[in-house]
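J.: Take a look at the letters that make up each chain.
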Amino acid sequence: MRYQFQFDAVFAEADRILNGVLLTIGLSFGAIVLGLALAVLLVAAKSLFGRWVGVLVDAYVELMRNTPFLVQLFMMFFGLPLIGIRMSGTEAALLAMTLNLGAYATEIIRAGVESIHRSQIEAGMSLAMTKRQVFQYVVLMPALARVWPALSSQFVLMLLASSICSFISVPELSGTAAIIEQNTFRSFETYIVVTLIYLALALSLKVSLLWLGRRIFPRLSSVDRLDAKAEAA
Amino acid sequence: MVTFGWPEALFIFRAAGWTLLLTAIAFLIGGLMGGGLAILRLSRIKLLRRFAAGYILVIQSIPVLMVLFMSYYGLSLFGIELPPFFAASASLAIYVSAYLAEIWRGSIEAVPFQQWEASSSLAHSPAQTYRYVILPQAVRISLPPTVGFLVQLVKNTSIVSVVGFVELSRAGQLVNNATFQPFQIFTLVAAIYFAICFPLSRLSRHLEKVMNASRPH
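These protein sequence lines map, in sequence, to chains D and A. The numbering of the first sequence is the numbering used here, which starts it at 1 and goes up by one. The numbering of the second sequence is the numbering used here, which starts it at 1001 and goes up by one.
Hints were generated in silico from the structure; no laboratory data involved. Take every hint as true, because none was put in to throw you off.
In silico DSS-like links for lysine-lysine, alpha-carbon gap of 27 angstroms or less: (1) Lys1046(A) / Lys206(D); (2) Lys46(D) / Lys131(D); (3) Lys46(D) / Lys1209(A).
Pairwise CB distance ranges (calculated): (4) Ala1123(A) / Leu56(D): 54 to 62 angstroms; (5) Gly1054(A) / Gly84(D): 45 to 53 angstroms; (6) Arg1050(A) / Leu196(D): 13 to 21 angstroms; (7) Asp15(D) / Ala1053(A): 34 to 42 angstroms; (8) Gly1054(A) / Glu114(D): 35 to 43 angstroms; (9) Leu196(D) / Gln1184(A): 36 to 44 angstroms.
To give a feel for the contact side, a few chain A residues facing chain D, derived at Cβ under 10 angstroms: (10) Val1064; (11) Gln1152; (12) Phe1180; (13) Thr1187; (14) Tyr1193.
Source: prediction; values computed, not measured. Built from N, CA and C at the ideal position, the CB exists for glycine as well.
Taking the hints into account, I'd like the entire structure generated from these sequences.
T.: Now the structure itself:
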């Protein structure tokens, strides 16, 4: 069977695709910012407050990491309205993405914080830094600098996972693809175009995160390199 | 109006079996492909290295959902009407191969290069070097991240429900459509996933600790 590819039908819907791309970018950006903030708060809460907070945070992290994003999404979208929290699909998607990414980021940042040597904190205290200053400048930022590569790949995975939001009819990129497919019956062409867009988005995110990491942690990462050299020697 | 009772719960439990089967098949086929790709990625021939690196980069940069749609609709273009189970297994295997290839490449590279030299000084062929010297050590190194990835795979099988294959998530959706008791149903579904994934996560962490303990400092 010879198949005639017809991309015109797909390109005729360029406006719709653009809106889908923007929503995908918006959701991912929102989830990255909110998820990162949530993770920093949880890591801070774990080290500042007692054991019970730590147990709660661990339970949240393990629950999120060991259940599929799809099921979490269904919980937010179908489950929450029953207890009176009514949300649009897009809001439920942002919430689920934030909670999911927050759990992974907590785990990653926790590993970074644990890699900070105790002597560093003692050095900070002996310089009469306040508890908050020690946490921010001695623990958090160097920890973030060390785990930035791991965080970056988690962010890219979140961008890719945002495609799953189409399951609850969020009109982001893959949701848009489903609509175009229904309108044009050009399934394969639609998904080729959308896949290429995802590829471009993921690669640009990868490159921008690399650039951003160098931008935010220039001094810290060079200190880290010195650390590594000293350890190797 | 159907309510959520034992027959529905049983239906969901049975669907969990399909999730496990799908995981096993995707892991086996994807593992074979991934092993081949890892070795290609470290090949002496530049073209093969480039090919493997390109494949891994592309598959890791597109959503699994798109791999699934592409194989589902792509195959039907050639007039091959495959049951959803095959499209699901094929696309998950492609996804698995890219990630395992990268994990295993890292593990092979983590074997100290003196081991290669020692092996070639014993006049081993490349195949013998891999078989008797490198792989036994690389497999040990790769165990924790491989088990960790298995957790990701179990969770990602949930998205094949979109092509109509009834595994755990799809079963939950179907029961929810009939009973509309999403809280109970998706709690059960999540609990089953958790019961599969949590022990694996723990095992991965445990293996990591065991391996670290034996590493000389």
